[in-house]
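Protein chains: 4
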Amino acid sequence: MKGSKVILNGKTLSIQDVNNVARNGALVEITEEAMRTVEASRALVYELANSDTPVYGFNRGVGLNKDREVVAKYYEEYNRNLIYAHCVAVEPEASEEDVRAILLARLNTLLLGCTGIQPAIVTMYKDMLNYRIHPVIPERGSIGEGDIACLSHIGLAMIGEGEVHYNGIRMTAKEALERASLKPIVLGPKDGLAIVSSNALAAGPGALVLKDIQDLIETADIIYALTLEGYRGNVTPLDPKAYEVRPLPGQAYSSQMVRAYLEGSYLWLPGVTDSLQDPLCLRGSCHLHGSVRDALDYVKKYMNIQLNSSDDNPCVLLDEKRIISCSNYEVTSLALGFEMIGIALSHLSRNSCHRTIKLGNARFTGLSRFLTPSDARVIAYGTIQKTFTSLDTEIRHLSNPATADYFSLAGDIEDHANNTPYVVKKTSKIVDNLRYILGIEAMHAAQAIDLRKATKLGKGTKAAYEVIREEIPFLDKDRNLSIDIKKAYNIIKSQELLERVREAISE
Amino acid sequence: MKGSKVILNGKTLSIQDVNNVARNGALVEITEEAMRTVEASRALVYELANSDTPVYGFNRGVGLNKDREVVAKYYEEYNRNLIYAHCVAVEPEASEEDVRAILLARLNTLLLGCTGIQPAIVTMYKDMLNYRIHPVIPERGSIGEGDIACLSHIGLAMIGEGEVHYNGIRMTAKEALERASLKPIVLGPKDGLAIVSSNALAAGPGALVLKDIQDLIETADIIYALTLEGYRGNVTPLDPKAYEVRPLPGQAYSSQMVRAYLEGSYLWLPGVTDSLQDPLCLRGSCHLHGSVRDALDYVKKYMNIQLNSSDDNPCVLLDEKRIISCSNYEVTSLALGFEMIGIALSHLSRNSCHRTIKLGNARFTGLSRFLTPSDARVIAYGTIQKTFTSLDTEIRHLSNPATADYFSLAGDIEDHANNTPYVVKKTSKIVDNLRYILGIEAMHAAQAIDLRKATKLGKGTKAAYEVIREEIPFLDKDRNLSIDIKKAYNIIKSQELLERVREAISE
Amino acid sequence: MKGSKVILNGKTLSIQDVNNVARNGALVEITEEAMRTVEASRALVYELANSDTPVYGFNRGVGLNKDREVVAKYYEEYNRNLIYAHCVAVEPEASEEDVRAILLARLNTLLLGCTGIQPAIVTMYKDMLNYRIHPVIPERGSIGEGDIACLSHIGLAMIGEGEVHYNGIRMTAKEALERASLKPIVLGPKDGLAIVSSNALAAGPGALVLKDIQDLIETADIIYALTLEGYRGNVTPLDPKAYEVRPLPGQAYSSQMVRAYLEGSYLWLPGVTDSLQDPLCLRGSCHLHGSVRDALDYVKKYMNIQLNSSDDNPCVLLDEKRIISCSNYEVTSLALGFEMIGIALSHLSRNSCHRTIKLGNARFTGLSRFLTPSDARVIAYGTIQKTFTSLDTEIRHLSNPATADYFSLAGDIEDHANNTPYVVKKTSKIVDNLRYILGIEAMHAAQAIDLRKATKLGKGTKAAYEVIREEIPFLDKDRNLSIDIKKAYNIIKSQELLERVREAISE
Amino acid sequence: MKGSKVILNGKTLSIQDVNNVARNGALVEITEEAMRTVEASRALVYELANSDTPVYGFNRGVGLNKDREVVAKYYEEYNRNLIYAHCVAVEPEASEEDVRAILLARLNTLLLGCTGIQPAIVTMYKDMLNYRIHPVIPERGSIGEGDIACLSHIGLAMIGEGEVHYNGIRMTAKEALERASLKPIVLGPKDGLAIVSSNALAAGPGALVLKDIQDLIETADIIYALTLEGYRGNVTPLDPKAYEVRPLPGQAYSSQMVRAYLEGSYLWLPGVTDSLQDPLCLRGSCHLHGSVRDALDYVKKYMNIQLNSSDDNPCVLLDEKRIISCSNYEVTSLALGFEMIGIALSHLSRNSCHRTIKLGNARFTGLSRFLTPSDARVIAYGTIQKTFTSLDTEIRHLSNPATADYFSLAGDIEDHANNTPYVVKKTSKIVDNLRYILGIEAMHAAQAIDLRKATKLGKGTKAAYEVIREEIPFLDKDRNLSIDIKKAYNIIKSQELLERVREAISE
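Chains as they are written, first to last, in our numbering: chain S, 1 to 507; chain A, 1 to 507; chain B, 1 to 507; chain Y, 1 to 507.
Some hints here could point you the wrong way.
Copies of the same chain look alike in the list, so a pair counts if it works inside one copy or between any two.
DMTMM-like cross-link-like pairs, simulated, lysine to aspartate or glutamate; straight-line CA separation at most 25 Å [said to hold, decoys possible]:
{"no.": "1", "residue 1": "Lys-301", "residue 2": "Glu-218"}
{"no.": "2", "residue 1": "Lys-493", "residue 2": "Asp-297"}
{"no.": "3", "residue 1": "Lys-429", "residue 2": "Glu-91"}
{"no.": "4", "residue 1": "Lys-487", "residue 2": "Glu-163"}
Keep in mind that the hints were calculated from the coordinates and are not lab data.
So that you can see chain S by itself, here it is in the shape it has in the complex:
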């Protein structure tokens, strides 16, 4: 997928595409038809403005200033000032990955022709992506009805001011544009508003977070399967029939995957497990992972709409030759979905924690206390319980909602907000904490498998076990576990675990 090209037309951008462009360096290309739409939209805007129709952000101001006329000779100055006055975001700076995702998310929706932006700016978005000119964007400051406080910093770079990363090196935008032989944009009417007024800060990085969650659930399924082998868990709850009588889509899928990972495992041998029913954290994992999957599907649906429809206000209607005022900058559905998925992940986290605690409990596993290789001499996985549970406590805290806490602003005109960028950000922190938590579970599972001398592992779990053991050897004596934890985290974050297991089960 790396190095591949993503073709944009405003209608077919996928979460996977965002990931490829943002993280894997894929180039972007705009279809000719889309560019023609952009041009037609621009022409219409001029046509209407000349006919004296008042157009918000074009020949009228924005926000509370919507009552102020902007006359043609001040278009450039007005729009430059608009960019300046909207540069109000604060640290930290968005990662370059996120900046790419933002540029892409905005670029794609411009292609629908609802914005009326000048075509050269559209091309600039594409060039910035393809030349790797990444404007420095402080990421805090948006309340989510359009991420105007942050996206303005892109406009700043486009007119050759502010700073960017160019091929990874920080420099002034002016220098980067020169080096890449690109001309700074001269802003025309509505261009300022067109650049700042979009939810791309929520949409781009949000799409990456959804990609990460998708991977995380898959990882969680794998590690759960590995834990079953470490624990010598009862596989009865994986019975496909159980999922037929209760047709929740997500859990059916998770259970199918877990069965695939465990194909060929010793767990399926008769008489292996004698407990009638394991603890719920082991018995219900597919159900819980399924609940996260269901929630994710919901958010993905709304993200796909966001990535491929206009959130412009005003909105240019090419076919009707009208510009209408609307509220299409509203992304509350997206914020709600992310809030739900944060709570869902909090369940997934607690579930993993309980499985890990159980793996350390000799009474349940029949193995040693804290999976020590030597009761007398090695302390092993005791204190580490504080690590993953403290990370879970953070997740619980992050899972509190933040979307509905806002002020009435701009002279009481802007009396709604949804804080979607912050909601996305906190979700992304939840995901990162989960990489540690699942990583520690994986460490436990591998240790339990070793202590149990379980050799006949499943098709997928065997691959998982091997990935772990390549990096983290069996704990034969006490050592600095922070190092092991970091390695486990990296195996997950780098997708090494995922890729190796995917490969194994597809053989």
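Got chain S sorted already, so can you dock chains A, B and Y onto it with the hints?
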């Protein structure tokens, strides 16, 4: 709909059906085929138990006691004790409406034949509904993996112990069964577990809450439309094209309804509104109501699965002649959906509050301060702002998640929970607060319409205005507004507003 | 204490006094000096108003209407309208206990002479308390900068409108005043504001909640001591020296009380406990109860200030013959304290839950599973774990803060609030849930003591054990435990447990 | 204060001392008496261990392993392993400032002689501070009953393993010790536990946060005073008498300071302000800042106890020649205090936001919209409202409690936690956000002062105004405001504003 009959077969129970049976006194009937399934399932259970297969809750104990054998001669005693030991719920008592919903939700899933319960108990559920024998169920005590602590109280009534309401009169279960000429149940194997182990406490009342939310959004759409008329709001944001370029299903629907309510309104006359763009609370209401609709659709989907599939563990598989252990009591998807919708309603609430505040603001409406009929002599709607915002503060508080806060119980076997009944309950409180908040908005809207002397109202809003004015006269001087607020609440809760408006627009 | 009289002078009202008047029917009396202060204050207000100084709420309107002049001949009408327009509160109605506490809290601060209210109204507060005329006050609607939306309903009753409870019977205020031979108040200048503008809804019921928390911690200490005996817990952590090296006041006190309760217990006998260290829930209870005590002391300090100082705005300064505008209606310190104590109680709750879970765990107690008297035949305290942990989940939810969620109201003049009444209310729900949770722990402790045949109990714990066993017999077979739980709750709520134990240790 | 020396004796360490050592490079010295106590304590531990008394963490294991004997010849190995096994913390790494605070907090409590640690380790803490050898400590992983997962990394460095910063350069601990001519520690009995088992991760950085909050409130008082001048606010609410009738300590102090800052201001001139009462955000700021001060005093009290008393378990009692098991690692009071202060700061934040919004509102200030210097050409402070309110939304989110969310760990022995380090951390994030929020208010206040041409400023506010204007010129045309915001933040964070104002009012 009242007095109608609902036919049950385990597969087609709708939220509307639950509402009809629980609140409108509809009778229930079980299909013959379903009863045959129940009987077959019971027969299979006996067959397997006699073959010495260990069956959780049948010839083995439940929970941590799952390792304990239960021999046949103690079936009755064991199951009675099980009912007793599970009677641990605490006040308040569930309303009779909720009790009916609970009985119905459990009855319907029994018909799938996955339980193995004795057929006489199935009939008893039906009789209790049709004879209006409503066991007293303390409603707190469930953590949501099966509402065993509460549903046990139904079992108590079925064996002729504890208390019930019979045709609205409280009496002992014994007396009620006698009066209705019903025989108390003699419990057999697995019957205790079959009665207690279900999520009916979440499902039944949860379905009613979803019905209420459905009505509430419709009400919110109506009152928003009325506010537009009181405010003389700009109707541009209702333009259908705006919703075409951004295909979020809920907001398209809401905007369509609002247009229908406003059909024929003076707001559509040329030149009526001069503001280029109204405050967001007025401009984005359809979008926000749409977000709630989208969230609601998600929860309804999972509620329909819950109402029509087995959550039994163990689960009887008639076609395969097996009983399997599973985790089908997991209802986390449902809990997550309710959490999301609570947050969504918190947005809706704040939106309504802001609209009402705007209606009281002379600068925005061009009317008098606090909609007073006389600046000099009448204070009018000033302090009332504290009422609805304080109710909103409660909603914000209730919208905090509660589903993932649980303990590890039963000797660390039950280390997951989802608290679905509590999540449903807090959602229901949010809904009730919203009836006040929307009611107060309606009072403001009607007052603004009167002050504005706006006579040409929409088809639906005219009906809404009339319903309000029939109960609450124009505020011509200060009076005890608590009384008006309660009336406005009643108009909404009783569905009078809804029904009259539905009728009006369907003419 | 019942039937005693509380003398009021504005400066010495204690939380205990509030409890006596509100719940034990104590009468109130106003000192002569205080009444003279009230009269002087009223005279000053007239003097200033005649001199044309603008006085908020006197010869000027309130809230956003503060720019409106009120002329003398409309004083009565204006103030009556003010009462009407502030009657905007909604259900539920405050309990009669709470109403008494509210009346008392307001009455006492009036005596400081900062209000300028007419003396007859002061007397009316006293009469309402002494004649048991309790205005019906809907308790929701205040955002806490003065509880104006609710206290207005007192004013309504004073002018002979609205409803009251008179000696427990609901009737119109008019009738009650007649029956008690009291004349309705004729409102004069500033009287309306004086009645509504106070934080008495937070202060009165808040004081009762603090009284309840005080009792609850004492109860928790007792039940913890009982649990130690049921568990055969290690008493080493009670060593007074441990509390000397770490001088946190609350924990020193709790540990001293627990030692007193356990005086003479078998636990102090050599060799009784063999575990080097018990689980933290048993080892650290005094520390945790101490943390609650410390937090409580903080809140009590601010409550005492609230009960005995003026929160009037404007504020009459008798000695300087001035009326000043101020923000003394701010009670945020109080709200913060209640928020903290809610979180503190959430810790106490979880601690009790863990102790109870441990009592049901044979591995820790050496007794039977779930404290059953017969492993084979009685299920005992298994499912009940769901009851107390679900109540804890509610407490966790209630412990989320609500004080800082408010709107900007009254034309953006009232842009701060603290929601103190709601914060008090949710704290009171936490307290009530804890009565169940501690009650269930007490049931477990007594059962464990019986199973252990521990006969030599402590001086205080023996009394506690006896109170419990008088109401709730040993669980020799399964029975409806909801009944037992309610009894345990009642023992705590009625203070029977507290009183008997206090008596026992004071002998 | 910089470069000064702090003398340690275990009993008199102040928050100010922690700040000096951690941030200003002050050296530390241990009193001779204190070292003698340390030596005596060590001797006692050996004496008791030789007498075969079981001592937790000495000749017995820790946590669930407390039943395991540790024999003398394995002391070194056992303690090294203990350090290894406790090295389980994860990123991010604590700042060097925080590491110094941690070292100091632990060092001081060691001097009380309750630990029994070997004296060479005590000296090593001192040397690490004085030589600036700062162990790398990953800061996440503690649940707050002793920060064992993190403090272990100090032990690692002391034995010459892991990494440190030495004079700001990262290197191996081995190399740093060599360069500083220090010998690695050879661990003896109990040393491992003594190093890890302390709450220094909460106490040290927590003390720094309290110092920051202290400064922040002072800053808030100053900026509020400046805002009053920008707004031309009514100074009536500063009347000292208002604070006499309601003796809340914090607000009395804040109002006194604000009066001092405004000494000589034009605001005191007769006739300057004509509004009878300003919005609450302006009227009640001293009250609100006072509430934060009151809350801070509470936490400081418990922090001082924490810094100067033993939190060891077991605890060596020198005078009684005993070692007792206890729960002195409990720091829940501290956690509760931090939770309260977080909520208090959330109020302060919202208050500042509302003041800033008011400054941008022409209707309230009589100045231009968004404080623009030119209505026609400059947009000015419009979008910036999103910046500070989005930061407030984060604060609201952070203010949710986290202290009571924990698991039951270590074989159900460790069933309580308080998460104090995380609670401290989130409080520190709140503080940092507030620096931006107050900084933006200061920008507004200065702009309003300029637009109003208010020349006669107060003694303190004049200094504040000048500090701001030295860095941030008057906004005469639109510019990149992110740069201005960062400058405003820096003025506050660097304490430049504070110091200049302190100087000014003390002249």
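Status of the hints after comparison with the structure:
no., hint, result
1, Lys-301 x Glu-218, "both (19 Å within a copy, 24 Å between copies)"
2, Lys-493 x Asp-297, "within (22 Å within a copy, 34 Å between copies)"
3, Lys-429 x Glu-91, "both (16 Å within a copy, 13 Å between copies)"
4, Lys-487 x Glu-163, "between (34 Å within a copy, 17 Å between copies)"
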